[in-house]
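Enquirer: Sequence:
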Amino acid sequence: ICPLQNNQIMAIVQSYYKPGKNVRSDISNLQLFNMLPKTPMTAILLGQILSHDPKEIPSTLTELYSKFTEIVLFRWSGDNLQSQTEYEIFKNVCGIFSKYLLDYNLTTVSMGELKEIIDEYLSERNLDIDKNKIFEKLAYNNEIFITNYKANTIRFKHRSFCEFFYARALFQNKSYKMNKEIYNPYWQNAYFFVFGLIKDSSNLITSLSEIEFDSYGLKINQVATNAQFLLAAYVSPYTAIENQLDHSINIAANTVLEILNDPAEAETLKSLDMGRIELMIFMCIVISQCYSYDFFDKALRNIGDTITGDTKEFSDTDWLKLLFISATLAVKGDSQYIDIITKNYVEKKMYLDNDQLSILLNLIYSNNFEINSSTRQFLKLYRRRVPKSSNLNKTIDLLSKGKREDARIFNNSNR
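Residue numbers (the working numbering): 2 to 416.
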């Protein structure tokens, strides 16, 4: 599913508000919108929570699910001990049920199987609770479950509910394992919630660096998935998050270099109509889409500052890392490291090959940051290497004059 725009999320959330109440004034500046994956389910859950209590605005996706499930599992339906005890039973039974489903790759079971889970759970505990009442309240909760009365079956309303309760069970029993399986699409979301539930999960974050893949595709998936794990673990010490982000960008850079230096992969790239430039731009897109949240800005800049330092030339790995950081920040209008690269090229005669020059030009052309004097000078120097009669020469000329929109119009008219 493509990420939603903020106005699309606003529209979904607004549908849960009373007429005349403006959602934008309540949530438009929340950290939630800069950190959370912008999915329809996020917007729906947020809207449902706000419809119950507009003050209960969560700051992470895990908290969003936690608050929503507390509401629909009747945690706040009464002030007595019975109400709290029932909530704990509902929560734990949902965890057992979700583990049963995911461990055996099931989506739907009979109502009788759910009843057996409840009976077994209560039989092991000395609780004065009516098991039939628990079954009825849980089985017919249409906020969490979908019941097929004709087939006498039940399933979670959305897989993410199953994954959340599964993660909660792992967290409660401390039975989570950090291995390659957490990157399997089947388990990824569950472990996203594990990171979110643990809160201060610096040890888990560090252990991500110990997981290695041989396949290029799996390495790229690891880089993308790590971003979500780090977002979920947002209250962990930031040093651990920054170190893991640096490790992830290292994986991305080294993967690109390995592919470019692998003769077997050269044919694969050719069959996909991809060259060196396209591969590097592809990885820029992966990194920028996964790590462009405000939460990562400080870490990206710290890593960028470490790379640039006092060095005149960059290693191949450092160049790619700086490229990925530049692309990610440029999306948000920050040209700090593009400016450093162009300044080094102009003032220190730093060597850039044609591919590197082309990618820099692409970043300058594609984003909307202000083009400063060093970047203008870089463009003028680059223009000398391009045939005067070419469209590229005209594009660079317009960019060097700060006329980015004119350059785009010119390119569109000459396609």
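Be aware that one or more of the hints could be misleading.
Claimed, not checked - Distance condition first, Cα-Cα at most 30 Å in a straight line; then the derived DSSO-like pairs of lysine-lysine:
#1 92 / 175
#2 134 / 100
#3 132 / 116
#4 349 / 271
#5 132 / 92
#6 151 / 175
#7 344 / 395
#8 138 / 271
#9 349 / 333
#10 395 / 349
#11 178 / 151
#12 271 / 299
#13 116 / 181
To be verified - Derived DEER-like restraints, expressed as beta-carbon distance ranges:
#14 355 / 286: 14 to 22 Å
#15 390 / 13: 45 to 53 Å
#16 275 / 317: 12 to 20 Å
#17 15 / 402: 36 to 44 Å
#18 210 / 394: 26 to 34 Å
#19 265 / 151: 15 to 23 Å
#20 8 / 394: 32 to 40 Å
#21 179 / 108: 23 to 31 Å
#22 210 / 349: 28 to 36 Å
#23 159 / 185: 13 to 21 Å
#24 124 / 298: 46 to 54 Å
Hints in this document: simulated from the structure, not taken from any laboratory. Note that beta-carbon positions come from the ideal geometry of N, C-alpha and C, so glycine has one too.
Enquirer: Evaluate each hint against the coordinates.
Expert: So, going through the hints one by one against the coordinates:
1. 92 / 175: holds (16 Å)
2. 134 / 100: holds (23 Å)
3. 132 / 116: Judged against 30 Å, a Cα distance of about 9 Å means the pair holds.
4. 349 / 271: With a Cα-Cα distance of about 35 Å, the restraint between residue 349 and residue 271 is violated, given a limit of 30 Å.
5. 132 / 92: holds (15 Å)
6. 151 / 175: violated (38 Å)
7. 344 / 395: Roughly 22 Å between the alpha carbons, so the hint for residue 344 and residue 395 holds.
8. 138 / 271: violated (58 Å)
9. 349 / 333: Given pair residue 349, residue 333 holds - Cα atoms ~27 Å apart, limit 30 Å.
10. 395 / 349: holds (26 Å)
11. 178 / 151: Judged against 30 Å, a Cα distance of about 39 Å means the pair is violated.
12. 271 / 299: Roughly 37 Å between the alpha carbons, so the hint for residue 271 and residue 299 is violated.
13. 116 / 181: violated (34 Å)
14. 355 / 286: 14 to 22 Å: Distance hint for residue 355, residue 286 holds at roughly 21 Å.
15. 390 / 13: 45 to 53 Å: Because 51 Å falls inside the window, the suggested range holds.
16. 275 / 317: 12 to 20 Å: holds (19 Å)
17. 15 / 402: 36 to 44 Å: holds (43 Å)
18. 210 / 394: 26 to 34 Å: violated (46 Å)
19. 265 / 151: 15 to 23 Å: Once the Cβ atoms are compared, 54 Å apart, the range 15 to 23 Å for residue 151 and residue 265 is violated.
20. 8 / 394: 32 to 40 Å: holds (39 Å)
21. 179 / 108: 23 to 31 Å: Because 26 Å falls inside the window, the suggested range holds.
22. 210 / 349: 28 to 36 Å: Given about 34 Å between the Cβ atoms, the range holds.
23. 159 / 185: 13 to 21 Å: holds (20 Å)
24. 124 / 298: 46 to 54 Å: holds (53 Å)
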